[in-house]
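2 protein chains.
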Amino acid sequence: MKKHNFSPGPCILPQQVFEKTSKAVLDYNGIGLSVMEISHRSKEFIEIMENARTLALEHLGLENKGYKALFLQGGASMQFLMASYNLLEKKAAYLNTGTWSSKAVKEAKLFGEVIEVASSKDANFNYIPKDYTIPPDVDYFHCTSNNTIFGTQLKTLPQTDVPVVCDMSSDIFSRNLDFSKFGLIYAGAQKNMGPSGTTLVVIKEDILGKVSRSIPSMLDYKVHLDKDSMFNTPPVLAVYVSMLTLEWLKEKGGISAMEKINEAKAGLLYTEIDRNPLFKGFVAQKGDRSPMNATFNLTDESVKEKFDTMWKEAGINGLNGHRSVGGYRASMYNALPLESVQVLVDVMQEAERTA
Amino acid sequence: MKKHNFSPGPCILPQQVFEKTSKAVLDYNGIGLSVMEISHRSKEFIEIMENARTLALEHLGLENKGYKALFLQGGASMQFLMASYNLLEKKAAYLNTGTWSSKAVKEAKLFGEVIEVASSKDANFNYIPKDYTIPPDVDYFHCTSNNTIFGTQLKTLPQTDVPVVCDMSSDIFSRNLDFSKFGLIYAGAQKNMGPSGTTLVVIKEDILGKVSRSIPSMLDYKVHLDKDSMFNTPPVLAVYVSMLTLEWLKEKGGISAMEKINEAKAGLLYTEIDRNPLFKGFVAQKGDRSPMNATFNLTDESVKEKFDTMWKEAGINGLNGHRSVGGYRASMYNALPLESVQVLVDVMQEAERTA
Ligand SMILES: Cc1ncc(COP(=O)(O)O)c(C=O)c1O
Ligand SMILES: Cc1ncc(COP(=O)(O)O)c(C=O)c1O
Ligand SMILES: [Mg+2]
Ligand SMILES: [Mg+2]
Ligand SMILES: [Mg+2]
Ligand SMILES: [Mg+2]
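The listed protein sequences derive, respectively, from chains A and B. Residue numbers 4 to 358, in the numbering used here, belong to the letters of the first sequence in order. Residue numbers 4 to 358, in the numbering used here, belong to the letters of the second sequence in order.
If a hint is listed, it holds; no wrong ones were tucked in.
Pairs involving identical chains hold if they fit within one copy or between any two copies, as the list cannot separate such chains.
The calculated lysine-lysine pairs, modelled on DSS-like cross-linking and capped at a C-alpha distance of 25 Å, are:
no.	residue 1	residue 2
1	LYS46	LYS307
2	LYS109	LYS225
3	LYS46	LYS309
4	LYS213	LYS109
Calculated directly from the structure, the hints in this document are not laboratory data.
Produce the complete structure using the sequences and hints provided.
Spelled out as structure tokens, the structure:
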């Protein structure tokens with residue numbers, strides 16, 4: 004039986020994407036070759052790559068606005084490094100809202116001065132700092148739009164004239180923002196976009212070329228842009244599956260339609276977390292809650308064993324919280340159906356009844 | 004109809020690997036989840052990763068000899084950079100036998116002095132230089148065991164006491180060598196090991212820790228070793244398919260058995276290239292020829308259109324030579340069956356008869 008997959012990433016993808024991929028692994032579009040054995044220089048793969056790049060920009064509303072999309076390797080963690088390698092000349096401002104922001108800060112420090120404009124570390128990142136100033140003389144401002152581990156999300160973007168660099172790994176394509184406010188957006192594919200193994204990087208080209216260091220080819224955004232994301236062999240299968248997922252998103256009505264579904268899923272679960280005396284949310288202020296990753300704890304730890312058995316028996320997967328938060332985390336990415344959330348809510352109510 | 008796939012990479016993989024992958028994309032081992040949606044922290048994926056790492060060392064005869072295997076992202080091109088970032092303190096020696104060696108040299112120059120001990124660039128890399136000396140005071144010696152584009156292969160390794168770093172992207176697992184002579188071996192998966200999207204790195208641990216620069220986390224071999232190749236989200240599917248391919252290799256009898264098959268395939272094709280007056284080999288000396296990539300040209304260019312039509316009609320894919328060599332390149336990686344080579348030889352003979 005198909006599980007209800009609340010895994011934080013790699014995570015559930017649309018069923019039609021699994022089905023198309025499974026077929027393409029045996030024979031891609033009837034050409035007598037697996038999608039895994041076609042050359043990245045073949046017309047078939049060039050088409051896949053161009054489709055994926057175009058769809059990404061289309062969904063974000065960034066076509067013909069000076070932006071380009073790349074599908075790179077290395078995960079979002081490689082972008083912590085590449086962002087600063089390519090953009091950090093003297094100093095940069097970072098907002099520290101969780102484990103991933105902290106790691107981004109760490110890598111940036113190798114390349115220049117890092118000003119941490121604010122941090123919620125004092126409260127185990129259970130809120131989003133709001134009152135901070137971005138110095139006008141920094142090379143860029145870096146933030147994490149959604150904190151996968153702690154379950155918080157930035158609802159509004161700070162006003163600033165410096166380029167905004169954003170790690171959107173865990174909420175890209177899930178809600179509408181004015182994406183043209185960003186200089187650089189990056190996201191590991193393995194949440195809302197595809198399988199692990201590729202990373203979307205969306206760059207406003209005019210923010211490049213301003214650092215004086217020499218950049219190794221593989222870390223240089225310009226090198227990848229000049230080669231249309233084919234400087235070296237791309238992760239063919241991961242890009243193909245990402246393309247399929249972006250096509251699915253288009254069929255579903257794009258980000259706006261998806262945002263409504265995501266709100267419905269999040270509304271259903273958070274309402275239950277609040278209502279049910281057995282559970283409490285981890286995030287301090289409701290306004291900071293992430294619709295993607297809902298973090299919550301039991302109010303009575305003695306129920307843990309029973310509750311764990313119950314959700315596993317209901318076919319739920321991936322609900323355990325990250326060790327730095329404990330409790331539970333329900334990741335409700337784009338491909339997770341509302342029905343899966345309903346199954347979880349039913350289990351929570353059953354747990355209350357039988358407690 | 005399944006093609007005879009002579010593609011230089013990404014390339015043919017064993018049919019059983021395509022079939023198992025196709026199933027696992029729908030449901031991994033009956034657990035109700037696609038292999039693309041399981042967490043990299045799940046027991047299922049940890050087992051896949053550990054299997055793949057162990058099989059790689061086993062095949063190379065490097066277990067319990069101070070070596071560890073990693074499956075990273077970024078391709079072999081990222082290793083050009085990581086090798087020098089981690090190992091180059093003052094100077095390094097490079098043997099330049101082709102496009103890939105030249106690119107490795109270029110990246111290394113960002114980190115220290117590079118001594119090119121020899122180069123066959125003067126003859127469009129159609130031979131392997133043999134008389135050169137490796138200075139005893141370099142940090143390491145770098146070579147490319149098989150030159151994918153030009154179709155040459157290093158048959159013997161030079162004697163040296165410095166660590167030997169080798170790009171084995173296009174002939175790893177295809178022939179026996181004393182792998183314990185190497186300090187660092189790397190290979191993009193997309194030839195003999197799996198799909199594109201992961202890179203095998205085999206490191207003798209005691210060669211690390213000797214440079215004074217600070218290394219960004221994602222580029223630091225020690226960081227990846229400490230985290231058992233799971234510092235960040237690995238390319239789950241690419242590692243899984245690599246594991247399946249390494250299992251297949253084991254079933255087939257390992258490298259020694261594969262080497263015999265590869266010799267038979269190469270023997271069949273090179274004999275025909277030499278015998279058939281319509282064709283001539285590109286590599287100057289027969290002793291330098293690669294069993295993996297056979298490069299050859301027509302002796303009479305006017306036959307080109309006809310020959311191209313003939314091999315395409317015979318169901319052959321990926322035979323065009325790289326633009327820097329022209330003509331043809333038949334890549335005969337581990338998974339290519341002898342029958343495919345026979346089909347090519349038959350077409351070559353038919354072309355001769357009808358010329
Ligand atoms: C917000 C965020 N940033 C960065 C990362 C790291 O991504 P990767 O493992 O692809 O390097 C993650 C992983 O979950 C994440 O959620
Ligand atoms: C010998 C060799 N080294 C390096 C590379 C570059 O590999 P990647 O595209 O994975 O960076 C290739 C690619 O074909 C190769 O054949
Ligand atoms: Mg976080
Ligand atoms: Mg409650
Ligand atoms: Mg070459
Ligand atoms: Mg001949």
